[in-house]
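Enquirer: Heads up: the sequence shown begins at 4 in our numbering, then just goes up one per residue.
Warning: the hint list may mix true and false statements.
[What the hints assert, rightly or not] Pairwise CB distance ranges, derived in the manner of DEER restraints:
#, residue 1, residue 2, range
1, Trp472, Ser590, 28 to 36 Å
2, Arg490, Pro38, 46 to 54 Å
3, Val338, Ser590, 33 to 41 Å
4, Ala55, Phe459, 39 to 47 Å
5, Gln67, Gly469, 34 to 42 Å
6, Trp434, Ala246, 51 to 59 Å
Hint data in this document are derived by calculation from the structure and do not stem from the laboratory.
All C-beta atoms, glycine included, are put in the ideal place defined by N, C-alpha and C.
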Amino acid sequence: MTEFVAPEIDWFALAPLIVVLGAGVVGVLVEAFVPARARRMTQIVLTLAALAGGFAFIAVLWPQIVAQPVQVVGGSVTLTPFALGAQGIIAVLAFLGVLVVADRTNTGQDAFAPTASAVPGTSYEDLARRSGLEQTEIYPLLLFAAGGMMLFASTDDLIVMFIALEVLSLPLYVLCATARRRRLLSQEAAAKYFLLGAFASALFIFGVALIYGFAGTVRLLEIAQAVGQGGLPLEGMSGLLVAGVLLVTVGLLFKVGAVPFHAWTPDVYTGAPTPITGFMAACTKVAAVAALVEVLYRISIGVGASNPEIMRQLQIVIVVVAVLTMAVGTVVGSVQTDVKRLLAYSSIAHAGFLLVGIAGFNAPVQSSTLFYLLAYGIATIGAFGVVTLVRERRITPGSGEDNGPVGDDGVVLGEATEIAQWAGLGRKAPWLTGAFALFLLSMAGIPLTAGFIAKFGAFTGATSGGLWWLAVLGVLASVVAVAFYLRLLVVMVFQRAQDEPAESRVELAETTPGAEPGEAEISTSGGGLEVSTSSTSGGGSATATLARVQVTTAQRVVVTVVRSRGPAAVAIAVCAIVTVILGVFPSPVLGLVEQASKFVP
4 MTEFVAPEID WFALAPLIVV LGAGVVGVLV EAFVPARARR MTQIVLTLAA LAGGFAFIAV
64 LWPQIVAQPV QVVGGSVTLT PFALGAQGII AVLAFLGVLV VADRTNTGQD AFAPTASAVP
124 GTSYEDLARR SGLEQTEIYP LLLFAAGGMM LFASTDDLIV MFIALEVLSL PLYVLCATAR
184 RRRLLSQEAA AKYFLLGAFA SALFIFGVAL IYGFAGTVRL LEIAQAVGQG GLPLEGMSGL
244 LVAGVLLVTV GLLFKVGAVP FHAWTPDVYT GAPTPITGFM AACTKVAAVA ALVEVLYRIS
304 IGVGASNPEI MRQLQIVIVV VAVLTMAVGT VVGSVQTDVK RLLAYSSIAH AGFLLVGIAG
364 FNAPVQSSTL FYLLAYGIAT IGAFGVVTLV RERRITPGSG EDNGPVGDDG VVLGEATEIA
424 QWAGLGRKAP WLTGAFALFL LSMAGIPLTA GFIAKFGAFT GATSGGLWWL AVLGVLASVV
484 AVAFYLRLLV VMVFQRAQDE PAESRVELAE TTPGAEPGEA EISTSGGGLE VSTSSTSGGG
544 SATATLARVQ VTTAQRVVVT VVRSRGPAAV AIAVCAIVTV ILGVFPSPVL GLVEQASKFV
604 P
């Protein structure tokens with residue numbers, strides 16, 4: 004009888020994952036044993052400390068992994084500079100995203116429903132709201148999602164990659180349904196995300212089965228070595244490999260948000276709580292793109308050497324998807340009237356720009372991809388952080404000052420996401436508008452921002468791979484994208500706010516004969532309007548009679564910028580500063596990602 008030999012595990016190499024996922028488990032216990040009054044702050048501190056600790060372990064491991072990549076638990080976790088770099092970016096972006104999630108504005112409310120399981124509009128939901136219940140379970144869910152993303156980007160085993168895919172996806176499905184306002188829209192978004200995500204996961208695991216049937220293994224390096232050496236158990240069945248890799252790629256492209264697997268993106272981004280949208284848009288894209296690079300580039304090592312035709316077919320697929328993704332993201336994004344949907348189509352367009360670089364299939368792409376993911380993630384979290392602070396406010400005339408404190412006369416509602424509602428925002432909150440403009444300019448790829456350096460690296464990767472025409476299409480798509488970013492900026496800065504009073508004049512229809520124009524005084528009494536005039540010349544006086552008009556003002560909704568109580572403001576400020584630093588002084592970060600270009604042990 005064969006004895007079981009326990010594998011030797013390098014626990015220190017697994018420290019970043021252990022800290023993040025372990026803190027998620029502790030967060031579940033916090034929900035059970037910590038009193039309700041202290042639970043929220045405990046969860047926030049635990050979550051931020053876990054993400055910061057995970058990044059600290061990554062920084063300590065970096066010199067060792069750059070010198071010698073390692074495989075842990077028999078290859079289930081493969082720590083290469085590329086994988087470790089992706090983990091570090093996920094930890095940083097998740098930390099900033101949690102700051103936005105943890106924010107409570109001067110309304111005293113966060114973005115999450117008191118009881119997400121309650122049926123919207125029921126008495127139970129009203130009772131939970133009046134009782135002041137809070138959803139603190141979101142923090143361990145965020146930790147599980149972040150841990151799954153870190154594992155997703157750093158495994159060589161397709162089965163473990165599938166498990167990581169589910170670990171990161173299931174918490175996000177739940178979090179998308181927890182919005183405090185627009186509950187039905189939030190639950191609809193979660194249902195769509197779950198159904199389409201389950202479909203993509205099924206395609207992924209079916210692709211893994213085909214690859215295993217072809218190669219007899221699910222380890223990417225072993226598949227590449229077997230293909231390169233021609234020692235496959237089933238010779239002449241390359242169709243299984245092509246179909247399997249394509250199905251696995253489809254599952255990954257779904258998470259990236261690439262066309263034609265993008266249908267979930269606009270609806271989920273719009274319906275999910277805005278802080279969760281920012282977290283998901285930034286962190287999930289990093290994990291999915293890193294996993295896509297791992298799969299395509301590792302398999303290409305063996306396939307490209309033994310069967311260039313298969314490699315050419317895979318490249319054609321990536322090129323076609325890149326072109327379609329850029330086209331849909333830029334063209335459809337240019338006609339959006341909702342800020343969150345505009346940012347959703349911006350995310351789709353950026354997925355296309357990333358695929359432009361990946362399609363080059365050359366070594367420098369790994370470093371440029373990591374820089375792009377960092378630059379895009381920073382701008383995305385900052386942009387959605389700004390969206391959380393721009394709210395609708397209901398004003399009830401006659402019950403107090405219009406600009407008085409929040410109460411019955413000035414109830415702050417959900418986010419004001421219609422682009423038209425953002426008119427005049429530059430006058431109401433100039434600093435917030437400036438930060439949002441900076442994020443949009445970075446997404447557009449304007450020089451002196453991080454986005455310019457990122458796009459330059461992606462398009463350079465395409466040209467170095469012989470796809471100069473694809474790089475040209477990427478530049479043209481970027482020019483189109485600039486148009487809808489600038490349109491939003493024009494609305495914020497140059498257009499008058501909808502609730503801003505316009506300059507008005509009263510024209511007198513009936514005056515005393517021989518009178519000349521003069522000044523008019525308007526007074527109200529008892530709900531009526533009276534006008535009297537006096538001539539400015541010595542030619543006489545003028546009188547006018549204007550019939551008493553009953554003035555009734557209905558309840559109205561205006562746009563206001565609520566104050567952050569700290570975390571969201573800190574996240575927005577940090578994102579703005581990093582965006583400028585990466586655009587003006589990118590050399591230190593470019594040096595680090597250059598070290599991370601190695602993705603094979």
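Enquirer: Indicate, hint by hint, whether the structure satisfies it.
Expert: Hint check:
1. Between tryptophan 472 and serine 590 the Cβ separation comes to about 30 Å, which falls inside the hinted range of 28 to 36 Å.
2. A hinted range of 46 to 54 Å holds for the C-beta pair arginine 490 and proline 38, which are about 50 Å apart.
3. Here the CB-CB span from valine 338 to serine 590 is close to 39 Å, well matched to the stated 33 to 41 Å.
4. With their beta carbons about 31 Å apart, alanine 55 and phenylalanine 459 fall outside the hinted range of 39 to 47 Å.
5. At roughly 36 Å, the beta carbons of glutamine 67 and glycine 469 sit within the given window of 34 to 42 Å.
6. Range check, tryptophan 434 to alanine 246: Cβ separation about 53 Å, and the 51 to 59 Å hint holds.
In summary, the one numbered hint that this structure violates is 4.
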